[in-house]
Every structure is written in structure tokens, then in C-alpha cells.
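> Residue-level listing of the chains:
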Amino acid sequence: MIRKIVYGIFILIIVAAVSMFLMSYPFGSDKMDVGKYYLENTVPQTGAANVVTSVTLFYRGFDTLGEVTVLFTAALGVSILYFIEDKKRKTRIVESNFVTKVGTRVVFPFILLVGAYIFMHGHLTPGGGFQGGALIATGFLLLYLAYEETSINRAKFYLVEGLGGLTYVTMGLLGYFMKDSFLANVLPNGQLFNLLSGGIILPIYIGVGLKVGSELSNIIDDLMCEVKCDGGEE
Amino acid sequence: MSIYVLIFSYILLALTIILSLLAIHVKDLIAAVILMGGGSLLVSLVFLLLQAPDVAMSEAAIGAALTMAIYIIAVKKTEREDKDD
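Protein sequences, first through last, are from chains A and B. Heads up: take any position in the first sequence, counting from 1, add 396, and you land on this note's numbering. Heads up: take any position in the second sequence, counting from 1, add 174, and you land on this note's numbering.
No lab work stands behind these hints: they were computed from the structure. The model shown is predicted, which means the values in this text are computed figures rather than measured ones. One should not assume that every hint holds.
[Unchecked claim] Derived contacts from chain B toward chain A, CB cut-off under 10 Å, selection only:
hint: 1; residue: Pro-227
hint: 2; residue: Ala-230
hint: 3; residue: Val-249
hint: 4; residue: Lys-251
[To be verified] Computed far set for chain A versus chain B, every beta-carbon distance over 12 Å:
hint: 5; residue: Gly-524
hint: 6; residue: Phe-526
hint: 7; residue: Leu-555
hint: 8; residue: Glu-622
C-beta: ideal position from N, C-alpha, C; glycine also.
Using the sequences and the hints given, assemble the complete structure.
Written as C-alpha cells, this is what we have:
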């Protein structure tokens, strides 16, 4: 009991110190020059209306490639841990009801559509490949929850995943050979606010969106499936 | 940022803290996961109010939907009650 009180007082002191330090700055004030640089130079340099996307894919494109690789490795780990042969696979029995089934049938195409919209308009509106891909995976999750017999075609999903990753690396190598550096902008910037603008953002984000969507769907598939002959439950 | 938006985001943050504390204290693990997902959804609303729609989208799709689903699958494969104290 005394220990809990001591811990509580300790945490309160730390919180008070940190908040007193933060109070000395006005909330939301910008203290860094790099933000101003991005806000001023994004549109002439990249032609993308969404500054956040242009930062993640232009100025920090190599970091995003690393992020994609991390996600790929995580999905690979889940696939290795939950590996089941195709003959023995069985989708996990989930009790669903009529409302879930009909609702899924109505909502699922729209979820895919919104996901595709988000990653195709990454350079114009908020969002991008990761958000759109996660949304698509949510649609597949709904499908798995509603219908017991759902099973995605894993070979095709792996193919889409690989092609998505390949798009990213190919665009990077194109920049390396045609311009001076890896992931340099090789495509024209185009007219601001048009769909075909923003240089390499559009192809890369289509690749990333498809890759993230198929990857997360594969993770859900791995988690929801189990061995057909019982004994997998224990 | 107008004063109403500020008050609303403070209410959302307070609700998030309450939901997180409840998620720790509740014994039913499914209920804990759902409380955590509700907290994630409120945090994504706060992101939206702070004009970070990109982050709000990620938080709503991954934090509130996919993470919750993965936790629920994990709970269903193990035990539902939190026994040890």
C-alpha cells in the first residue's frame, strides 16, 4: 500500500514537471524551421497538394521504404508462425447472424471502393497507401467475421503483395538511374489538384496500398484459420 | 481553434483516460479489448480535431478495428477471464 502511494506521488511529480516545461511554450506554436520549409516548397517542388504525403514519399521516401519492409517482415513472421498446409486449412468457425451477413454484403464493396479512393488520392486528400490498405484489410476482416466459409486466394494475394513492393523499389531504381539519387522524382509534376499529378507519389502509393491491404488480409487469414482435424484448439 | 472545439477535445481526452483505466480494471478480457478500441476511436477523433486527418485515419483503421480484431482472436484462442490478481 505504501509502495503504491510512493509510486503515485513519484508519477505525479514527473507529470507536473513535464507539464510545467510544456506550459512555457504556447500550444501549437511551431519552433522548427523544417515545417516552414516544407509548407513553402512542397507545391513547387513536388506538385502534390497534400504536404504530409509529399513529406513521407518525397523528402523521407527512403524511411517509408524501410517502414514497408518492417510491415513485410511482420507479416512474414505471422505467416511462418501460423503456417498450415493448404489441404489441412479450415476457416475458423465464427457464429454470425443474418444481420451481419446482409450488412457485410451491402458494405463490403463500398469499403473496398473507399480504400482504393484513399490510396489513389493520397497526393490530393488526407490519407495514403497505409490508411487505404488498412481499410481494405478491415473489409476482408468483416467478410471473415460474417461468412464461415470465407477463404481468400492466398497465392494471388501474395502475388499482389510482391508486385506492390516491386513497384516501390522499381520507382526508386528508376530515380537512381535516370536522375541522380534513389527515389528521385522521374515523373512530371503535372497540374496541381489533378489526379495525374505529384510525380512518383501516385504509382508508389497504389503499390503500397495494394501491398498493405493484401498483407494485412493475409495476417487476418492466418489468424482466423486453423487445422482441419481437431487438435488445433488446445 | 475555437473554444468549443477545445472543450470538446478535453472531454474526449478525459473519456479516453476513463476508458483506458476501465480497460485495465475490468475482468472480462473481451470487454477490456472493446474498451480499448473505444479509447482508440476517441483518440482518432481528437486527432481529427487537431487537424491531423492522416493520423486519424490510421488510428481509426488500425487502432480501433484491426488491433481489436487481433486481440479478440487471441482472447478467443486462450481464456476469457482474467484470473490472477
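> Look at each hint and say if it fits the structure.
We went through each hint and held it up to the structure:
The beta carbon of B:Pro-227 is positioned within 10 Å of a beta carbon in chain A (closest approach about 4 Å), and the interface hint is therefore held. Using the Cβ-Cβ criterion of 10 Å, the hint placing B:Ala-230 at the interface with chain A is satisfied: the shortest such distance is roughly 8 Å. A distance limit of 10 Å between C-beta atoms decides the matter here; for B:Val-249 the minimum to chain A is near 12 Å, and the interface restraint is violated. Look at B:Lys-251: its Cβ gets to within about 8 Å of chain A, closer than 10 Å, so that hint holds up.
Interface exclusion of A:Gly-524 from chain B breaks down, the closest Cβ pair being 7 Å apart, not more than 12 Å. With 12 Å as the threshold on Cβ separation, the claim that A:Phe-526 sits away from chain B is violated: the shortest Cβ distance comes to roughly 6 Å. Every beta carbon of chain B lies more than 12 Å from that of A:Leu-555, the smallest distance being close to 22 Å; the non-interface claim holds. Non-interface call for A:Glu-622 relative to chain B: violated, since the shortest CB-CB distance, roughly 9 Å, does not exceed 12 Å.
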